[in-house]
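Turn these sequences into a full structure, and let the hints guide you.
Chains A and B, in that order, are what the protein sequence lines are.
Each residue of the first sequence is one higher than the last, beginning at 43 in this note's numbering.
Each residue of the second sequence is one higher than the last, beginning at 43 in this note's numbering.
Don't read these hints as lab results, they were simulated from the structure.
Do not rely on the hints blindly, as some may be mistaken.
Since the list gives no way to pick one copy over another, a pair counts as held whenever it fits inside one copy or between any two copies.
When the alpha-carbon atoms are kept at most 30 angstroms apart in a straight line, the in silico DSSO-like pairs for lysine-lysine are as follows [stated by the list, open to error]:
| hint | residue 1 | residue 2 |
| --- | --- | --- |
| 1 | Lys198 | Lys168 |
| 2 | Lys198 | Lys134 |
| 3 | Lys198 | Lys183 |
| 4 | Lys196 | Lys168 |
| 5 | Lys196 | Lys134 |
| 6 | Lys183 | Lys196 |
2 protein chains.
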Amino acid sequence: MDRTRSDVEVGGGVRRDSRAAKPSDNAPPVLAPLDGFVGFHLRLAQDASFRAFATRSGVRNLRPGRFAAMVVIHNNPGITPMALSRAIVRDKSTVTPLIQDLERQGLVQRVRSTVDRRSVQLSLTKDGEEILDQLLAHARKHDDKLDQIVGAEKPKLILLLRKIADTLS
Amino acid sequence: MDRTRSDVEVGGGVRRDSRAAKPSDNAPPVLAPLDGFVGFHLRLAQDASFRAFATRSGVRNLRPGRFAAMVVIHNNPGITPMALSRAIVRDKSTVTPLIQDLERQGLVQRVRSTVDRRSVQLSLTKDGEEILDQLLAHARKHDDKLDQIVGAEKPKLILLLRKIADTLS
DNA sequence: TATTGTTATACTCTATAACTATA
DNA sequence: TATAGTTATAGAGTATAACAATA
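The following block contains the structure:
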């Protein structure tokens with residue numbers, strides 16, 4: 043990214059930056075018509091939240107799917123890739139390389155099932171559990187920040203978000 | 043995607059699907075530790091919302107950035123690619139192909155600035171305005187659905203989301 | 001026949017860096 | 001020197017389709 047500082051208010055009506063307008067800025071962009079859309083603010087908030095989390099955790103070990111996959115495996119040792127793909131709502135062909143990557147890093151273990159020899163049982167290695175702990179620590183700190191922002195409204199916010207996700211899916 | 047029906051409750055504590063467990067399902071995945079995180083629910087809600095919108099609008103003309111870019115251009119005729127890139131929070135090198143694509147489809151017009159011959163002034167064509175109208179109609183219908191879901195809490199929800207986006211960025 | 005998991009392949013979105021043409 | 005915009009390139013993340021092994 044080569045942006046210095048946004049000179050645009052994307053979501054609201056207040057200019058964030060009051061430096062003198064340059065020629066190329068003579069029409070300060072506004073997104074007025076999108077401003078009333080829940081979906082639009084959902085996107086901005088999610089985007090900001092994800093970037094902030096990525097920054098905090100050092101970017102490297104994060105990756106959207108990785109974290110969620112590790113949490114699911116941690117909480118469901120022995121889960122199959124198929125079940126995992128349903129849990130994180132991604133295609134099975136997306137899960138395969140994800141798991142291979144985690145295995146290559148020594149974070150996940152794959153064991154052929156003895157009862158159904160087509161399937162594989164996934165579990166976190168000791169290293170995987172440690173890394174997950176670290177990621178969860180980052181996530182908690184990140185969410186503390188979000189807690190400060192939303193304050194006492196947190197339960198209500200989560201309820202609404204869950205309602206949106208459940209109803210639309 | 044090859045998923046049939048989720049047999050997993052991702053965000054809450056209630057099973058959505060009560061069919062008999064199959065062998066591969068013997069450890070029904072739960073995401074308990076993520077359940078208290080605002081960021082996690084943000085991601086699920088945004089994901090669900092985006093998918094629903096994409097489905098509604100027929101997928102073709104949608105695309106995340108396209109819509110936002112067209113709205114910004116519509117509201118700021120003559121805006122330069124640089125200013126646009128700041129408005130949609132993407133790198134200028136991301137904006138170039140986006141605009142080229144819109145131009146190829148006859149939706150956006152590029153005119154060399156006469157005052158600063160480095161820069162370009164963007165505007166929507168007649169076709170572009172029509173397409174945008176259609177997209178906005180879809181967006182409105184989509185948001186009506188979201189309105190039904192969040193009801194009277196909508197202003198509060200938008201306020202919270204905006205607060206998150208503003209504070210974290 | 002149906003399912004699990006892998007592979008091959010492709011598409012979208014995004015960014016960094018290097019370049020040009022201006023300023 | 002600095003900025004606007006383009007190009008070349010690369011890397012995530014995702015999906016569809018076809019396949020082998022197994023059920």
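Going through the earlier hints one by one, which of them does the structure break, listed in rising order?
When the structure is compared with the hints, numbers 1, 2, 4, 5 turn out to be violated.
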